[in-house]
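Protein chains in written order, with this note's numbering: chain A, 1 to 361; chain B, 362 to 980.
I should point out that these hints are in silico values taken from the structure, not numbers from a laboratory.
Where hints are given, some of them may not hold.
To be verified - Under the rule of at most 16 Å between Cα atoms (straight-line distance), these lysine to aspartate or glutamate pairs were calculated in the EDC-like manner: (1) A/Lys59 with B/Glu836; (2) B/Lys934 with B/Glu915; (3) A/Lys6 with A/Asp108; (4) B/Lys833 with A/Asp62; (5) B/Lys858 with A/Glu134; (6) B/Lys858 with A/Asp62; (7) B/Lys862 with A/Glu22; (8) A/Lys59 with B/Asp839; (9) B/Lys858 with A/Asp75; (10) A/Lys69 with A/Asp108; (11) A/Lys103 with A/Asp62; (12) B/Lys837 with A/Asp62; (13) A/Lys59 with B/Asp864; (14) A/Lys330 with A/Asp300; (15) B/Lys862 with A/Glu24; (16) B/Lys616 with B/Glu628.
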Amino acid sequence: MNNDVKKVLESMVNRIYNSLSEGEVPEIRMSSRNRDNIVFDQISSVWKYGPSTVSRTLKTADGANYMLKNIYMIDFILEMLRDGKTSTLREMYYISEGWGLGKFGTQDESDMMAEDLEVITSLLREDFRLRPEENGASIIGDLTIEEKSRKGDFKKINCRDDVGEAGYTIPNNVESEKLKIKSTNAKFVLALETGGMFDRLVENGFDDRFNCVLVHLKGQPARSTRRVLKRLNNEMGLPIFVFTDGDPWSFRIFSSIAYGAIKTAHISEYLAVPTAEFIGVTASDILNYDLPTDKLTDKDIAALNSELKDPRFQTDFWKSEIETMLQINKKAEQQALAKYGLNYVTDTYLPEKLAEVGGLR
Amino acid sequence: MVSKPPSSHYKEISIAEFFEKNRHILGFDSPQKSVFMIVKEALDNSLDACEEGRYLPEIYVEISRKAEDVFAITVRDNGPGIERLEIPKVFGQLLYGSRFHSVRQSRGQQGIGITAAILYGQITTGESSRIVTRTPDSDVGFEIFLQINVRENRGNVISEKPVIVNYDHGTEITITAKGKYQVGKQSVIEYLKETAVVNPDMNLTFVDPDGRKTIFKRSTEVLPEPSVSIKPHPLGLEPGEIIGLASTSTEKSMKLFLSGEFNRVSERVAQEILTISGVGPEADPKSLKAESAIKLQQAFRKVKLMPPPVDCLSPLGEEYIRRGLRTVYEEMHPAFYSKPVMRPVSVYSGNPFSVEVGIVYGGEIKADDQVKIIRYANKVPLLYQAGACAITKAISEVDWRPYGMDQKQGIGIPFGPMIILVHVFSTRVPYTSESKEAIAAVPEISEEIKFALKSVARGLKSFMNKNERREKASEKFDLVMNIIPSIGRKCASILGKEEPKIDMVISRIANTVFINETHSKNENCFDVLAKIFNYTTEERSFDLYAEPFDGEVEGEAKWTIESIPPASVREIKFRVRTEAERYSGTEYFTSGIDPVLVHGAEPLPGDWSIREEVEEDEQ
């Protein structure tokens, strides 16, 4: 694998080198990474980048600066490959201080460029040995995995019996060389947006009672969390149900799990679970369960309107839910269900919603 | 019963008495303003005296505190001094002055100022003013203590004695008055600073009440052109003034009076005026009645009169404005000094006038505030009543947006790092009030101010455009000289190969001839090294001209650049002589090459007057 990465990156540099020496203007071409350029891939049932591309050429100062930074970043990655090191994206940003003209202005710029490099090379950030600063989310439930320890041997962990109340923490790298999924008796995975809801379900013993695996998404889920969901779905055949707040931002959390995110559309196939089901909170839930609500803010309304134009939300279900939310001008949190008592969500709401989507069969 | 005659209720009051009761009319309306007014009146007189005497002004101003709210204000000049016997009249009589009856441009206009200042001191503290003066042909000076007899409107000499002074000529006046010393926007120091801008031939020392000394040094020894007196032009006169002139005339007939006492009135025109007005040509001017004076005034408008001659005006001139602004504002390191603009002389109501404008832009001048406006009338700074002034109004009526300044809806004072100097000068400036703090918005004057402003603004815009082009050129230069070579080096080091030859790529990307300069400071001048890079695919040759934004190139400023091959460099070295502290860049012009190929230079204009063209195109 390392040799492939090295080869791909070096050939990229070589292309630029050759252009320069042959008197041709070098360029870097890649898929354009915006909402208008994601298309539905029939085969994998996820949204990927479409045919439109952008190019960075040496002709403009912007393009040349981009290329220079890109080459410095490649040099840095090649160095890590050689030395067997990894670094966080933040570390790379600080290291770029020493790159002279190739220095990054902001960490957003360097993060974006690392993703660009994935798009350009069809490799993964993990291949580049670049980690995010933050860990993935937590898992509780009857799931047995093996994680490679720092000593290099695989350690078996049951995510119900071998962990505390906080659950098992998903590491940054969840590829099979680091994490092996061994066995499970669970029937489905329930992914939860908020820590409060995760704790509520743990306390109420929901995973035992309904024989499921609970995953805390921690807001917009990290790549490794989405990758674990994908692997549980793929390798163990577990259906994924997503339970979030009822607002436009939570709809986006679900869409990135099920359809793929715009920023990472080049790896949707690897991250997205097209069969994931959204079980709430929906706009209809607000009406049906008569939930306590907040008014939509201007930003919420803008986000909902933008979702109406987002190709990933062009299903009857989503159009009707988004339009309803705009119409009632209300949003609700997962915790709003506590209006009916602490056990209402585990005893009534979730069983009803799961039955609706066939999760309890 | 015989009633008392009503006239006994009335009594004549003198002008001095009137002022005593209405001092605000002359600007003495608050304690802080009074200190300022005394300095201003004395300084105006001193500068006028030096200018008339053709001396480079050496001025000393001191304000010392006598009590919490009492100050002694001293102003000393090196003017021609005043004859001992003239002193009571010059300083002690309102409306006395050498200028009141002649038509010419001067700082003081009606001879009210200094007397009002003395009177104000006398009223508020009871103290006499001290005047020391020495004329060049006298061996000693005289020290005179003066009070003003309010009733009789004349100066009373309290004491007089000869004194030894250590200067050959000059006048010193000390007025003790109640007041308040303040700093800030409308302060004595600000007034002196603005005075220094328009009097770069002046050395001024100022000592404030805390003993702090500020010195404004002269930056030129060239004296301003003196203005000459002219006879009054008929169009500027009111009927009362016509009667006044007639009553003091020595001419025997109206015809001789008109052709002799007025400017631009020939005997033929005089006859025409008399025919139109129906006033008898042989009538005695001394018996001119109001009715006839009104008819004369109307007749003046019906005949064709040439405008008054312009040598009665004394502009600051381009050199003075440039030097003055530089000396005072150089510390803010402005990026641009406009070439000052002076409008041709125009006339309002028979009074010749003109307008001068200069601007300073950029550097450390505050960019978020409204532009700073410095207003002058007849070389005197105006600090008060900015809102009522024709200058402020004209500035806010110009749409500054096309010239690259921020302004809401194209109206109001613009925002940006800029100082605008406007000087209105005339034989008679139409002030809004006796205190001479603002210029009335006479349409002719407002129009001329706007023309002048637009003219300098075009210069500013062209500076900004050139700057922008220079920035773009330097961005491309950076791309070619730094970024692309770095990419080549880095690729080579990653691959373990030799550095690639990038000249061909650069030629393709740039297809440009770059002119890029560096400079170093030398004593009183800057050494400039201009490099010419040919990044086109062909050999190039052309002529290159240099014109620094400031100063001059030593020797020839034209070079013939012979055949630079592609991807090669030529160097030119030259020296710029300038008085500026900083080098603000050189403009380059080329001929004999397609201008689109050249970065860092402009095509040579057809005529070599490119920098003058902004002046011309009005009207």
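Here is what the structure says about each hint:
1. Taken as a hint, the A/Lys59 and B/Glu836 pair is honoured in the structure, with Cα atoms around 12 Å apart against an allowance of 16 Å.
2. Distance restraint check for B/Lys934 and B/Glu915: the Cα-Cα separation of roughly 11 Å lies within the 16 Å cut-off, and the hinted pair is therefore satisfied.
3. The suggested pairing of A/Lys6 with A/Asp108 is violated, with an alpha-carbon distance near 25 Å, which exceeds 16 Å.
4. With a CA separation close to 13 Å, the supplied pair B/Lys833 and A/Asp62 stays within the 16 Å bound.
5. For the hint linking B/Lys858 to A/Glu134, the alpha-carbon distance of about 39 Å lies beyond 16 Å, and the restraint is violated.
6. Distance restraint check for B/Lys858 and A/Asp62: the Cα-Cα separation of roughly 26 Å exceeds the 16 Å cut-off, and the hinted pair is therefore not satisfied.
7. Distance restraint check for B/Lys862 and A/Glu22: the Cα-Cα separation of roughly 8 Å lies within the 16 Å cut-off, and the hinted pair is therefore satisfied.
8. At roughly 12 Å between alpha-carbon atoms, A/Lys59 and B/Asp839 fall within 16 Å of each other, so this suggested pair holds.
9. A C-alpha spacing of about 14 Å is found between B/Lys858 and A/Asp75, which places the hinted pair at or below 16 Å, so the restraint holds.
10. Pair hint A/Lys69 plus A/Asp108 holds up; C-alpha atoms about 13 Å apart against a cutoff of 16 Å.
11. The hinted pair formed by A/Lys103 and A/Asp62 meets the criterion: a straight-line CA distance of about 13 Å does not exceed 16 Å.
12. Taking the CA atoms of B/Lys837 and A/Asp62, the gap is about 11 Å. The hint holds against a cut of 16 Å.
13. A hinted pair counts as satisfied when its Cα atoms are at most 16 Å apart, and A/Lys59 with B/Asp864 qualifies at roughly 14 Å.
14. Pair hint A/Lys330 plus A/Asp300 holds up; C-alpha atoms about 10 Å apart against a cutoff of 16 Å.
15. For the given pair, B/Lys862 sits about 11 Å from A/Glu24 by alpha-carbon distance, which is consistent with the 16 Å threshold.
16. For the proposed pair B/Lys616 and B/Glu628, the alpha carbon gap of about 7 Å is at most 16 Å, so the pair holds.
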